[in-house]
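Chains as they are written, first to last, in this note's numbering: chain A, 1 to 278; chain B, 1001 to 1415.
Simulated from the structure, these hints should not be mistaken for laboratory data. Predicted model, so just to flag it, every value in this text is computed and none were measured. Backbone N, C-alpha and C fix where the C-beta goes; we use that ideal spot for every residue, glycine too. Keep in mind that the hints are not guaranteed to be accurate.
[Stated by the list, open to error] Just so you have them, the derived chain A footprint on chain B, three or more residues with Cβ under 8 Å:
| no. | stretch |
| --- | --- |
| 1 | 1205-1219 |
| 2 | 1279-1293 |
| 3 | 1299-1307 |
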Amino acid sequence: MTTTPGSTGSAMPREDMGTGDPGAVAPPLLQLRGISKNFGAVEALKRVDLDVPRGVVTALIGDNGAGKSTLIKAIAGIYPPSSGEIYWEGERVSLHSPRAAEALGIATVYQDLALCDNLDIVQNMYLGHEATKHLTLDEITMELETRRVLNELSVSTVRSVRQLVGSLSGGQRQAVAVARAVMHESKLVIMDEPTAALGVSQTAQVLELITQLASRGIAVLVISHNLNDVFAVADRIAVMYLGTLVESGPISQYDTTRAVELITTGGGLRTNTDGSTR
Amino acid sequence: MTVSDDVMVDHDGGASSPRGVVTALWTKVRRGEATLLPILLGLAVLVIYFQIRNSVFLSAGNLTNLFVQATIFILLAMAETWLLLLGEIDLSVGYVAALGATTAVILLDAQFHWPWYLAILLAIAVTTAIGVLQGLIIIKLRLPSFIVTLAGLLGWEGVLIFFVDRQGTGGTIPVQEKVLYDLVNGNLSPLATWIFTAASLMIFSWSILRKDQSRRASGLEAVPTAVTILKVAALVVAGIILVLIFNTNRGTFTVLHGMPYAIPVDFVMLTGGGFILTRTKAGRYIYAIGGNPEAARRAGVAVDRYRLLAFTLTGVTAGVAGLIYASRLGGISDGVDGGNLVLLAVASAVIGGTSLFGGRGKIIHAVIGGMVIATIYNGMALINMSAATQFIATALVLLVAVTMDSVARRSTATR
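Go ahead and model the full structure; you've got the sequences and the hints to work with.
See below:
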């Protein structure tokens, strides 16, 4: 898979990803510092630090109730954090609404995908962002662009871009939802359990798609329960346990046993193997 | 700008040869994407049956009458379509239409003597305002449209009776003004009928051909030219047949020919509604909200604004329907059965192929469905079937249509 022309930025070499060191060339795309979120008396997130670098797949893992969903919703602007700081391309930002997150280039693909089954692929891809010409819909531009993006992402299984989304397979639907994020020039794509409802071959397709995104220089943050998928696709791993981020670092420093241990017990200690955050 | 076709093969599932078109069409029918075809076949069966039973059925006079009869069902079904697409319903639309008509009729009679255009404008303004009011209640208070418009069904009947009886004309106000009366009872001249039909055909053919042409020019798969030409030819033939029907003398004592004004009214509403639904963002959002309101909201669509727009359009369309209704009856009475009207309107839309569950349907479905209902009523009257049989037959057609809708919905949902 070659880097596609027209994509912004390039894939970073793996060695220097995600370091918050003062000597690093550019700061990671997204940096979370001390993010907490309270729902009444419940502390859903406790001082979470996390770096999400460009061109890299970061997997967010943890047991049910560990705070993964709350964390991505904080990044997506749905649950603005109670305290803490968020830096985007090194600048401090406030993600107070989904619109604000979207404006920065953060796209979230939720588990339910938020697609309209009664609309075709083109219509779904452009929903809310339709191209118009003389105040009427410019179907041709939208169709060409949809085909271009799907081709670039090597989504080759759909019969026609004018097919209703309701008639697509789970993997194809996931692809449409991701392609929509890519089309809007997103810099960070967050995916919530992208493979949860899929069969073996469709899972493979989606994992391939995730790799494609990273190779285009897009930062990808994936929530997954499936450690096989995580180890197949992720470059970095971040483990959550009871609202805290217990560890994060390059995937090479982990194996399944260690990951399971961290997920189930929190590992007892809070360290980051690459020492990136404190 | 050509996109290589190795990945995305085609536009309509192999529709690049005439044979492929047939296959693609069949696939669409099975998936419930082409709802028009089965219902047109059903309509043809009805027509053949009635013609065999009574040869008057296909006479020019009866067909013209049938088209005029269908107009009220068609327009009310169009009004309903805007809300059905959202998965909402308006049970009050029959009385709202009648109330609009009452406004026009009162303003046009001897007492007020308004110019016809102002009276008609105000009538439509009244129904539009009612649509907006009901929409606001439903959206702002988050109430089910079924209940709010059920209240409307009762309430607006009360208002209707109040205004009609207040005129002191014995529960009926006749239409005395010529323009409103002629809306249904007047005809275009035969020449004007030709001109109107030719102009409509040209606009339609031009837009079909242009769409094909621009798709081809952009390197997108388009239906084969032969098929497009066939489509246009079929339209032209249908248009010519219509003109010949309308232009045949159907009077017994005097010469009576030409297209009733009601037909161009239908046509304008059809074209306008179709344009909004297929060519504008508003139309796209109405479908999206009907399909998955949460997805639309997350995509940044101002969901409530477009829901209100649909209620507004229902009001506008109901206003036009009311005028046609008053014109056809030659007046408005306090005994208007708005309840029955709305049920037939919903039946027409659903028979035509618009889904009760939201997100699926077209304005043209209202036309086809309205024609089916009118055909049943017209044909059964011709063969002297009892009112009992008419109701039961309509019920059966409706049941079949709803079943088809539901089956289509389930087959699309499988993945």
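Hints, one by one, checked against the model:
1. Under the rule that three or more residues need a Cβ within less than 8 Å of chain A, the assignment of the stretch 1205-1219 of chain B holds, with 4 such residues.
2. Coverage of the stretch 1279-1293 of chain B by chain A holds in this model, with 9 residues showing a Cβ closer than 8 Å to a Cβ of that chain against a need of three.
3. With 3 residues having a Cβ less than 8 Å from any Cβ of chain A, the stretch 1299-1307 of chain B passes the three-residue criterion, so the hint holds.
Of the numbered hints stated above, none is contradicted by the structure.
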